[in-house]
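Can you make the complete structure from the sequences, with help from the hints?
Protein chains: 2
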Amino acid sequence: MPVNLYDSANEMGKAIRESGEFTGLKRLFDEVNNDPTARETFENFRNLQMQLQQKQMMGQEISEQEVGQAQQMVALVQQHPKISKLMQAEQHLSKVIAELNQIIMKPLEELYGNPDQQK
Amino acid sequence: MPVNLYDSANEMGKAIRESGEFTGLKRLFDEVNNDPTARETFENFRNLQMQLQQKQMMGQEISEQEVGQAQQMVALVQQHPKISKLMQAEQHLSKVIAELNQIIMKPLEELYGNPDQQK
Ligand SMILES: [Ca+2]
Ligand SMILES: [Ca+2]
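These protein sequence lines map, in sequence, to chains A and B.
Numbered by the UniProt record's numbering, the letters in the first sequence go through residues 1 to 119 in order.
Numbered by the UniProt record's numbering, the letters in the second sequence go through residues 1 to 119 in order.
Please note that the accuracy of each hint is not assured.
Which copy? The list can't say, so a pair holds if one copy fits it or any two copies do.
[What the hints assert, rightly or not] List of simulated lysine to any residue pairs, SDA-like, C-alpha gap at most 25 Å:
1) Lys106 with Tyr6
2) Lys106 with Gln79
3) Lys95 with Gln78
4) Lys85 with Gln56
5) Lys95 with Gln54
Calculated directly from the structure, the hints in this document are not laboratory data.
Bear in mind that the values here come from a model prediction, so they are computed numbers and not experimental data.
Structure, rendered in structure tokens:
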């Protein structure tokens with residue numbers, strides 16, 4: 001019997017919320033946010049990252065000074081134990097979610113992805 | 001007890017595959033593909049659409065002739081009963097999937113979306 005798609009999505013959301021990947025990320029996120037120095041360092045890093053991404057998207061040139069600043073920031077956050085753990089957890093969850101997405105979208109991939117097999 | 005994320009994604013994919021939205025789309029897709037004229041018309045339309053999108057993404061100008069050609073194509077596929085039904089079904093499923101995605105990603109939305117509430 002077909003399952004209701006919205007019920008199924010709610011279960012999937014619940015599974016993510018209860019997963020070790022998500023609860024671990026949330027704990028690390030809180031640890032950074034509850035440490036004022038870590039929080040500010042991380043926010044500065046994110047802001048710079050977004051600024052540079054926006055410049056790139058708009059085709060604006062990124063100066064050598066900005067590249068240097070970004071590299072210093074990366075080195076700084078990578079050396080910070082709380083922030084580096086948080087960033088690793090974020091990257092891991094992103095990877096997991098990309099994999100889940102591929103699994104979920106398989107029916108559409110099969111419908112559109114192999115036109116040669118649709119004889 | 002936490003559910004395995006990959007099991008949950010497999011169930012979600014199965015729910016999509018069995019949904020009326022997907023099986024209906026698949027039926028319409030096959031109807032178009034099994035009708036040589038409809039198939040060619042639809043492929044020409046998709047190809048033109050992709051060409052114009054690529055031009056836009058690369059910042060190239062789209063000529064008045066191309067705009068006119070695209071408008072004629074849209075009128076043609078909208079008048080074709082099989083193709084217009086397929087396109088409606090595609091648009092509907094896209095909308096449903098966007099909604100499912102929002103439901104699934106709610107935990108992350110809550111973690112990142114409301115920084116003011118994270119005191
Ligand atoms: Ca917090
Ligand atoms: Ca077919």
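We went through each hint and held it up to the structure:
For the homomeric pair Lys106 and Tyr6, the shortest alpha-carbon distances inside one copy (18 Å) and between copies (13 Å) are both at most 25 Å. When the C-alpha separation of Lys106 and Gln79 is checked against a cutoff of 25 Å, the pair qualifies neither within a copy, at 39 Å, nor between copies, at 31 Å. In this assembly of identical chains, the alpha carbons of Lys95 and Gln78 lie at most 25 Å apart only when taken from the same copy (19 Å versus 39 Å across copies). Proximity of Lys85 to Gln56 under the C-alpha cut-off of 25 Å is found in neither arrangement, the shortest distances being 27 Å within a copy and 40 Å between copies.
Taking CA atoms no more than 25 Å apart as the test, Lys95 paired with Gln54 passes inside one copy only; the shortest distance there is 23 Å, against 27 Å between copies.
Hints 2, 4, counting from the list given before, are not met by this structure.
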